[in-house]
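Participant: Here are the chains, one letter per residue:
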Amino acid sequence: MKVVKNLTRRSVSLGLAIAVLALTFGPSPVQASSHMDAPLIVLDPAANTTDVYAFVTERNGEKFLSTALGVYPHQEPGIGPNKYNFDDTVRYEINLYLGNDLAAGRRTITYRFEFQTRFKNRQTLLQGYLGVIQNVDDAAQNLTQTYTVIRVDHRTKEQTVLGSNLLVPPNNQGVATPFYNQGDKGESPAKDGVDRGQALDKYTAQTVHDIGQGHRVFAGQREDGFFADINAIFDLLKLRPLTRPGDSFDSQGGFNLNLMAINIPVSTIGGDMQVVGVNATTWRAKTKVFTRGAASPDTYKGAFIQIGRQGNPLFCEALIALEDKDKYNRSPAEQDSALFRKYAENPELVTLINAIVLQPLNIPAMANTGRTDLSGIFIPDVIKVDLSTGPARLPGGGPDHPTNPDDEGFSRVGIFGIVENLNEPLDVLQSRIPGAGFLGSGVQPGGWPNGRRFGDDVVDIALLAFASDLRDPVNPQIPRAGFPVAVMPALTDGMNKNDSAYSKVLPYAGTPHNGRIYRHNPQQQSLN
Amino acid sequence: MNTKRTIGFSLVFVALAAIAGTLMLSNSLSGPASPDSVPTGSDAAASDLPSDATIRKAQRMIRTWPKNADAYNLLAVGFMQKARETGDFGFNAQAETALLRSREIEPDNFGALRLGAALHVVYHRFEEGLVLARRAASIRPDNPDVYGTMSDALVELGRYDEAVDATQAMMDLRPDAASYSRVAHLRALHGDLDGALDAMATAVRTSDAADREKHAWFYTYLGKYLVDAGKRAEAELAFDRALASFPDYHLALAAKAHARASAGDFDQAVDLYHRSLARVPQSDVAIALGRLYRRLGREADARRQFDLADAVERTGADPNATPTRAVLLQWADDPERLDMALDAARRARAERADVATSDALAWCLFRKGRLAEAKAAIDEARRLDTPDPLMTFHAGMIAEALGDRTAAARFLRQVLEIDPNFDPLAAEVARETLTKLA
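In order, the protein sequence lines correspond to chains A and B. With our numbering, you'll find the first sequence wraps up at 538, consecutive numbering, no jumps. With our numbering, you'll find the second sequence wraps up at 823, consecutive numbering, no jumps.
To be clear, the hints were calculated from the coordinates, so they are not data collected in a lab. Keep in mind that this is a model prediction, so the values were computed, not measured. The beta-carbon is built from N, C-alpha and C at its ideal position, and this holds for glycine as well. Wrong hints could be hidden among the right ones.
[What the hints assert, rightly or not] Partial chain A-side listing against chain B, Cβ under 8 Å, derived: (1) P49; (2) K93; (3) I317.
Based on the sequences and whatever the hints tell you, model everything.
Facilitator: This is how it looks when you write it as structure tokens:
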């Protein structure tokens, strides 16, 4: 996270901090420890999950649950190529929760991605590329990753290999990877996302794989499709539309991540007349400290431990208290009701927004206790998707993109398009499940919290949901009573779209930024 | 969950903590580097340190919520990391001040206990560190970091079985670079170098490359184990990776210097030792350089380095602390300081029973000619079969003095086989003694 720079030591208001600083000017005693001093807190980016997506798609008349998992966030495109790869020792899992398992938070089916890495030539410093890559895994690509997709049915314990030895495309380095970029030129910016499979760039097209039981998968580097003015939220919730209109920017702009995406035929998971849950987990093997005496190759292997978890956007990031974030990452969704319900029903973030954002503007406070409407979304923390609806409207490169416009009627705020002066279409889907949908009406949001699409403006959706009150089905309030409608458009981080175009076909996320030519929001630099 | 994004939102939660007063420190505390910094020895390292972002973030929180303990805890984290990155021990004092403030605001808050324990260990106050870590663990038994600190303290106290249990508890809670590196250290101490290399390689692979000092630390220790395993070329590659991750990293410079000296490349070794000392004057590095100078016949230069080592010891964070093993061994080789060395080694051994301390005591006793006691001490030092070259050399020399020619030859052959230049002065002695035995 970027830290705002205009905080100099001079601006620290506490005399204490200044007094402390004074102690170390000039040479100080420098006996560093003689013992080992291993670091205590170390991030694990390859296993760090960013976002889970889940939405309904159709292809050739067949219906799919399309899901995606992003890991290894904040990839600086110019650095690499070797630093940003899937980790061979991590298990990446996309989990489905079906039937009674959904409310229980118990996994029903898991799609596990396991990676392997190989080099064509280890006798070179050019670890990623030996020349210009014409085709994925040709002689010019030194480092190649492949993967296996295993479907685990937790009901029967059955494990099915859906595909193996599946190629991962190279990272977008630039000259070595021209076909990612405009005009197939290594010096040009990355191509826009596309509206159909035939239009995908060569590397991506070569690594979209049709595997067992009608699944289609992709794993590789993509553009980070999340967008938000994280800096402003971080900066004491000074949402820029309220304080500095027009200054908002996408904190994730110009960064890549690693993505796994899979089209799951709904026919393989019990058909479309159901609401299913989706989340993702990452796992690492533990090891035994003591290995003396044993000599088998498995000496050091231990059971896999869950170290990362991602469900709905913002739940762990924005609602769970610091002291419990690590526990959230290590616990199954089964325990969410017992451990984390309080964070959804009594969201302290809302208390904070009330105090910091709304109160100074004399806007009535939003409800911050007993929010069963929010716990319905977040507990258990899996993304709920109604599979009975038609396909979700997907974003491309905005409504006016010449070749890849957003689907007609797509709205970044989905059902909150109902808020009049937001100037967004009302983007909803019709459920065919009796009694399902928004307050039992059969109307489902077009995006999050009914599933989550690329392009869903999850920060604004969350802010709008906080400001609403849907606990009373007879009298739903969007926004809740007394909340000035005029303020609604301002209840936003002001960051309404991603910095590059999405694709409307797998892998959905945009082309990875070119390592030679990419840019973050210019303000990112000044705020660094 | 996305830790980078969480960092953003974590400020929100500190705000909440100010209201609720109950929240604890996150384990998501790093971020992109930032150019603003405090002057230190090297410009390259002083600018753009990962810890600076953490420190500024904490200061910003403190400015907004001066009554929030976690903001001070975060400040302590930043300063402790800055001490690691700069090698400037003074930043630990700032961390301690921040923790004092945190505990004024909220006595016995978990973050302050946990970090206080880690700070005690940094200061070599292992018993106190252990007490605080145990208290922290009693509050939050499912926090992996606490067991890491507990393990660090227990290792230094020589309570290895308990250290293994604490490390296993940490690993069982969260396999990551922090737990894998502690597993590696315990395996290496117990003579399982293959296991140590396996675990440290996993730590390297798992650790965040953007957190450059820590990433470099894992590479440096991977290299040290490779040296111990007699794989010098691979070790040097690991040191180079460490230096690429965190340029001018004093630990990697010193480790690479040692490897160069082993290879007989004394010129570069001298240069690298000087570069390490220019970044952070450490007594054991000054001694290593002094011994190399003495080997090269540059006695005046050697003496200057030994004086530097003494000066560093005297101006250390705690002047009453017992000297490091390297210092004790160096003093033991100097007849005028042998008594002082033995006194200090005895005091150290009264405080802790780790193998390095027992080894230093054994060498002092050997130099004093108290061979029976030396034998007992070196047996204690070797109780884990630690593949430490100096320790093996000492065992050989003590066995030779006691007339056990078989054991002496075995130890000396063993150490020379792994690394014929394990120490610029001792390797020569080992060779001569071995010739004499044959």
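Participant: Please flag the earlier hints that this structure goes against, numbers listed from lowest up.
Facilitator: none
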